[in-house]
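Asks: Chains as they are written, first to last, in the working numbering: chain R, 1 to 358; chain A, 1 to 306.
Keep in mind the hints are simulated off the structure, nothing from the lab. Using N, Cα and C, we set each Cβ at its ideal position, and we do this for glycine too. Hints should not be assumed to be uniformly reliable.
[Claimed, not checked] Chain A is nowhere near these chain R residues, computed Cβ spacing over 10 Å in every case:
1) Tyr45
2) Asp201
3) Ala202
4) Ser220
5) Thr221
6) Gln225
7) Pro259
8) Thr323
9) Lys350
10) Asp354
[What the hints assert, rightly or not] To give an idea of the chain R side of the interface with chain A (calculated C-beta under 7 Å), a few residues:
11) Thr38
12) Lys186
13) Pro197
14) Lys204
15) Asp240
16) Ile242
17) Phe244
18) Gly351
19) Pro357
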Amino acid sequence: MKKTLFALAASVAVMLSGQALADGHAKTKACFIYIGPTGDFGWTYQHDQGRLAVEAAFGDKVETAYLENVPESAEAQRPIEAFARNGCNIIFTTSFNYMDPTNKAAKKHPKVKFEHATGFKRESPNVSTYSSKFYQGRYVQGQIAASISKTGVAGYIASFPIPEVVRGINAFILGAQSVNPDYKLKVVWVSTWFDPPKEADAAKALIDQGVDIITQHTDSTAAMQVASERGIKAFGQASDMIKFGPNTQLTAIIDDWAPYYVERVKAVIDGTWETQDVWHGMDHGSVVMAPYTNMPDDVAALATKTAAAIKDGSLEPFTGPVTKQDGTVWLKDGEKSDIGTLLGMNFYVKGVDDKLPQ
Amino acid sequence: MDVWASIILSVCAASTPLLIAATGELVVERSGVLNLGVEGMMIMGAVAAFATAQVTGNPYFGAVAAIIVGAAFSLLFAFLTLTLVANQVATGLALTILGLGLSGMIGESFVGHPGVRMEAINIPLLSDIPVIGKIIFGQDLIFYVSIALLAGVAWFLFKTRAGLMLRSVGDSHNSAHALGIQVIKIRYMAILFGGACAGLAGGHLSLVYVPQWVEGMTAGRGWIALALVVFASWRPGRLLIGAYLFGAVTIGQFHAQAVGVPIPAQFLTSLPYLATIVVLVLIARNRRLTMINTPAALGTSFVPDR
Chain R
1 MKKTLFALAA
11 SVAVMLSGQA
21 LADGHAKTKA
31 CFIYIGPTGD
41 FGWTYQHDQG
51 RLAVEAAFGD
61 KVETAYLENV
71 PESAEAQRPI
81 EAFARNGCNI
91 IFTTSFNYMD
101 PTNKAAKKHP
111 KVKFEHATGF
121 KRESPNVSTY
131 SSKFYQGRYV
141 QGQIAASISK
151 TGVAGYIASF
161 PIPEVVRGIN
171 AFILGAQSVN
181 PDYKLKVVWV
191 STWFDPPKEA
201 DAAKALIDQG
211 VDIITQHTDS
221 TAAMQVASER
231 GIKAFGQASD
241 MIKFGPNTQL
251 TAIIDDWAPY
261 YVERVKAVID
271 GTWETQDVWH
281 GMDHGSVVMA
291 PYTNMPDDVA
301 ALATKTAAAI
311 KDGSLEPFTG
321 PVTKQDGTVW
331 LKDGEKSDIG
341 TLLGMNFYVK
351 GVDDKLPQ
Chain A
1 MDVWASIILS
11 VCAASTPLLI
21 AATGELVVER
31 SGVLNLGVEG
41 MMIMGAVAAF
51 ATAQVTGNPY
61 FGAVAAIIVG
71 AAFSLLFAFL
81 TLTLVANQVA
91 TGLALTILGL
101 GLSGMIGESF
111 VGHPGVRMEA
121 INIPLLSDIP
131 VIGKIIFGQD
141 LIFYVSIALL
151 AGVAWFLFKT
161 RAGLMLRSVG
171 DSHNSAHALG
181 IQVIKIRYMA
191 ILFGGACAGL
201 AGGHLSLVYV
211 PQWVEGMTAG
221 RGWIALALVV
231 FASWRPGRLL
241 IGAYLFGAVT
251 IGQFHAQAVG
261 VPIPAQFLTS
271 LPYLATIVVL
281 VLIARNRRLT
291 MINTPAALGT
301 SFVPDR
C-alpha cells in the first residue's frame, strides 16, 4: 500500500515534468524503475549510481527520472506506462519480475526503448535485456576465503534457490577448491532478499557451526556487522560495505551499471539503439571488486591476478574438470560450460555441504 | 559448551523484541482493544532509537527515545479509536502503513551508517562464569527489561486492583462503566503502554540485534508479536514460552541447515510459523479455556450511553 502511494505520487510528478518537457527542447530522457529505495545501500543504490553517471556523462543533453519502491507485480505496469507516455525515450526496469509489465508496455509504445535487467523476454524489437556475471566475483572470493580460512569452512547466506544464486555458490566453491581442494562450504537459506535480523541470525548460526568466513547473497549489511562483532571475516554484497566492517570486509562484489547505462543512453542519442541481450562481466567493468582489505599481501596479489585473468578472458570460472555434487562429471578437463547451463543452473558442484532445495 | 552459550544468546536476541512487543499488546488486548499497529509502532521505535543513538552517541538515550516515540505514535491510535470511536482494525492497519512509510522518510539520511551498539553489560566475576555467566549476567539491558516487564505485567494483571479493573474493562466495558470505572482512561493508558513496549522492541532491533537503520527492517516482527498474544491465550506465562519457542525454532532451523539435516530448507524456514499454527490449533481445541481467557469485549468500540 505504502509503495503504491509512493508510486502514485511519483507518477504524478513524472506527468508534470513530462508536460514541461513537451513544450521545451528535445532532450533525451532516461527513466528508471527501482524495486527498493535508492538508499538501500545495495541493489537499487547501485542502479541509481548508474543513473547519476548518465547525468554526469551527458550533462544538458539528457534528463533523468526515477521511481522508487515500485512493487514487483502487475502494479508495475502503470508507472512504466506513465514514463512511456510522458516523454521518456529509454526506460530501465531494474528487477526480474518487471519482465511482463515491461514487455506489455513496450508493445504499446513502440517508439520508446525498454531495457529490462536480469530478464530473458524480448517480445518486441524495442526491448533489450541485460545482466551481469556476478559469479566471476564469487570465484575470486572463493580463492580468498580458502587462502585465509583456518577452519576450512565458509558460510554462505543464500536467498532463494534460483540459478543466479546457485551459480554464485558454485563459483565460490570452485574458486576455493582451486586453492584448497578440500575446502567446504555450508549454505543456509533464509527465503528472503531482505530481512536484516534474519540475515544476522543466519550469520550467527553459521559462525557457531564453525565457519570463519561469511559470504551472502542477500541485500542487507547485517551479516557483515555480525561477522565484525564475532571477529571473523566477510564479503560485501552488491555494494562496498566496508563502513559496516572496517576490519572485517575482505572485498565486495560491486555491481557497476554505469558503463552500460551510459553506453545505452548514448545509443539512443545517436540513434543507433538496437535490441540486444547482454551479460557483461568484469571485462566490461560491470562487475567490480572492492579493494582487497584485511588480508595478507600474497592473498591480495592472488586475488588481483585472478580478477585480471577473468577480465582478459584467460580464466573462466566454470572450466573443467568439474564434478557435480552427486559425483557425476559435469565438465571434462578444459571443457567450458555453455551459457544455457549457466543460466539455468540447478545443481551443486562437489564440495558444497548442503542439499539444494528444489 | 561455549557454542551452546552462544546459541542460547542468539535465541534470547531473537526472542526479546517479540516478547516486549507482545507483552505490550497483551495489556492492550486485555483492556479490550485490538491494536494491529504493532509493526508500525515498532518500526517508528527502531528509527527513533537509531537516530537518537547516532546523534547523541548514547544507545540508552536511543532506547528512551524509542519508548517515547512508540507511545506517542500509539496516542494517535488511541485518539482515533477511543475519542473518535473509529474502527479498531482499520485504524490499526492504517497505523502500520503510516509507520512503515513515515519511518522510511525520517530515516532516509541515516541509511548506510553503522549504528551505535548497546553493548552487553559486564559484571566482573559473575559475567565470567563459564556458560551461564554470559547468559544470566552478560546480556544487554533490554533483555533484562523484557523479563522484568513480563513479570511486572503478570503481577499487575492478576495481583492488583488496577489490573482487575483493566481486565474487567476488557471483558465488558458496559458493566465496568456502570460500576464507575473510567473505561476510556484505562484504555488510553493501556494503549500508551502497548505503544511504549512496541517502540522499545523496535529499539532493540536497531540498537542490539542489528545496529543499523534500513527501511522496513522490522520485516513483519510486529505481526508475529500479535500472533503470539493469541498463541499465549492472553496469559503472560505462555507468552514467555511462545516468544522463546519461536526464537528457538528460528535459530534452531538455521543450525539444522548448517549441520546439513536432510530436510528441505523451505520447510525449515517455515518451521517457526508452522509451530505457531500447531500450538494455536491445540489451544483452540480447549474451547472452555479459550473462552475464559479471551477478553470478551476485544475489538469493540465503547460509547458511553449515559
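Asks: For every hint, state whether the structure bears it out.
Replies: These are the hints, each one checked on the structure:
1. Non-interface call for R:Tyr45 relative to chain A: violated, since the shortest CB-CB distance, roughly 8 Å, does not exceed 10 Å.
2. Taking the minimum C-beta to C-beta distance to chain A, about 6 Å, the non-interface status of R:Asp201 is violated against the 10 Å cut.
3. For R:Ala202, the requirement that its beta carbon stay farther than 10 Å from each beta carbon of chain A is not met, with the minimum near 5 Å.
4. Not every beta carbon of chain A lies more than 10 Å from that of R:Ser220, the smallest distance being close to 6 Å; the non-interface claim is violated.
5. Remark: the non-interface label on R:Thr221 conflicts with the geometry, its nearest Cβ contact in chain A lying 6 Å away (cut-off 10 Å).
6. The Cβ of R:Gln225 sits about 6 Å from the closest Cβ of chain A, inside the 10 Å cut-off, so the non-interface label is violated.
7. Non-interface call for R:Pro259 relative to chain A: holds, since the shortest CB-CB distance, roughly 23 Å, exceeds 10 Å.
8. Once the 10 Å rule is applied to beta carbons, R:Thr323 is consistent with being away from chain A; the minimum gap is 19 Å.
9. For R:Lys350, the non-interface assignment is confirmed: its Cβ lies about 15 Å from the closest Cβ of chain A, beyond the 10 Å cut-off.
10. The Cβ of R:Asp354 sits about 6 Å from the closest Cβ of chain A, inside the 10 Å cut-off, so the non-interface label is violated.
11. This hint is violated: R:Thr38 has a C-beta 9 Å from the nearest C-beta of chain A, more than the 7 Å allowed.
12. The restraint placing R:Lys186 at the interface with chain A holds, with a minimum CB-CB distance near 5 Å, inside the 7 Å limit.
13. Annotation: interface hint on R:Pro197 holds; nearest CB of chain A at approximately 5 Å, less than 7 Å.
14. The closest approach between the C-beta of R:Lys204 and any C-beta of chain A is roughly 5 Å, which is under the 7 Å cut-off, so the hint is satisfied.
15. Taking 7 Å as the C-beta contact cut-off toward chain A, the hint placing R:Asp240 at the interface is violated, the least distance being around 10 Å.
16. Given the 7 Å rule on beta carbons, the hint for R:Ile242 is violated: about 10 Å separates it from the nearest Cβ of chain A.
17. Interface hint status for R:Phe244: upheld, as the beta-carbon distance to the closest one in chain A is roughly 5 Å, under 7 Å.
18. Taking 7 Å as the C-beta cut-off, the interface hint given for R:Gly351 is violated, the closest approach to chain A being about 13 Å.
19. The beta carbon of R:Pro357 comes within 5 Å of a beta carbon in chain A, closer than 7 Å, and the hint placing it at the interface holds.
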